[in-house]
Amino acid sequence: DGGITQSPKYLFRKEGQNVTLSCEQNLNHDAMYWYRQDPGQGLRLIYYSQIVNDFQKGDIAEGYSVSREKKESFPLTVTSAQKNPTAFYLCASSPGTGFSGANVLTFGAGSRLTVL
Amino acid sequence: RKEVEQDPGPFNVPEGATVAFNCTYSNSASQSFFWYRQDCRKEPKLLMSVYSSGNEDGRFTAQLNRASQYISLLIRDSKLSDSATYLCVVATLGGYQKVTFGIGTKLQVIP
Chain S
1 DGGITQSPKY
11 LFRKEGQNVT
21 LSCEQNLNHD
31 AMYWYRQDPG
41 QGLRLIYYSQ
51 IVNDFQKGDI
61 AEGYSVSREK
71 KESFPLTVTS
81 AQKNPTAFYL
91 CASSPGTGFS
101 GANVLTFGAG
111 SRLTVL
Chain E
1001 RKEVEQDPGP
1011 FNVPEGATVA
1021 FNCTYSNSAS
1031 QSFFWYRQDC
1041 RKEPKLLMSV
1051 YSSGNEDGRF
1061 TAQLNRASQY
1071 ISLLIRDSKL
1081 SDSATYLCVV
1091 ATLGGYQKVT
1101 FGIGTKLQVI
1111 P
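Those sequence lines, one after another, are chains S and E.
The opening residue of the first sequence carries number 1 in this note's numbering; numbering runs sequentially from there.
The opening residue of the second sequence carries number 1001 in this note's numbering; numbering runs sequentially from there.
Everything labelled a hint here was simulated from the structure, so no lab data went into it.
Wrong hints could be hidden among the right ones.
[Stated by the list, open to error] Between beta-carbon pairs, the in silico distance windows are:
| hint | chain 1 | residue 1 | chain 2 | residue 2 | range |
| --- | --- | --- | --- | --- | --- |
| 1 | S | P39 | E | E1056 | 31 to 37 Å |
| 2 | S | G3 | E | L1093 | 47 to 53 Å |
| 3 | S | N84 | E | P1010 | 22 to 28 Å |
| 4 | E | R1076 | S | A109 | 26 to 32 Å |
| 5 | E | A1067 | S | R112 | 38 to 44 Å |
| 6 | E | K1042 | S | S22 | 17 to 23 Å |
Predicted model, so just to flag it, every value in this text is computed and none were measured.
All C-beta atoms, glycine included, are put in the ideal place defined by N, C-alpha and C.
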């Protein structure tokens, strides 16, 4: 079945460490996204990518980095510069970035990062 | 004012009840509207898109009121399995489309 695979599902990190969250999709979608979800807040966009080798900052990109070397892969690195990294991270994809009834976001199962 | 506002709830309703959620948005240029369902500690999943003419999918009905800038979700004959958080999602065309998520409304259907 086509879908989005995120790993790891749970991750614990010590302060000062960088961690990389994996996101792989086999939906042949052009666009991929990283969101962060915190209690009491809506999902917030970290980075997005429309095509291979291109990506754009979202609303809360500080302390994060991404790459898009392959269409199916969009890993997110949470760096030590991110001051409050404990959160639920969701990767998503869509056929394009023009949202419509036929072009909606599909999410992976998420990665829950806890900083100790 | 938040771009997308939802009552976080929780809405506690008995099985079989009808329940309605509203979501207001501030940007009159918003183009596309969706309801997503999110179970506890899981990813959001698309429940339905919201069209100008309104749309229905089984027990679920979504409506859009552009004049008052809100969308609604009506659930009839609530089931225990409907217990979840319902996210309102609004997309606005502006260069690369901007998608804004509401904080979600939590529904608990009780036996």
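Taking the hints in turn, this is what the structure says about them:
no.	hint	result
1	S:P39 to E:E1056: 31 to 37 Å	holds (32 Å)
2	S:G3 to E:L1093: 47 to 53 Å	violated (28 Å)
3	S:N84 to E:P1010: 22 to 28 Å	holds (26 Å)
4	E:R1076 to S:A109: 26 to 32 Å	holds (30 Å)
5	E:A1067 to S:R112: 38 to 44 Å	holds (41 Å)
6	E:K1042 to S:S22: 17 to 23 Å	holds (18 Å)
When held up to the earlier numbered hints, the structure conflicts with hint 2 and nothing else.
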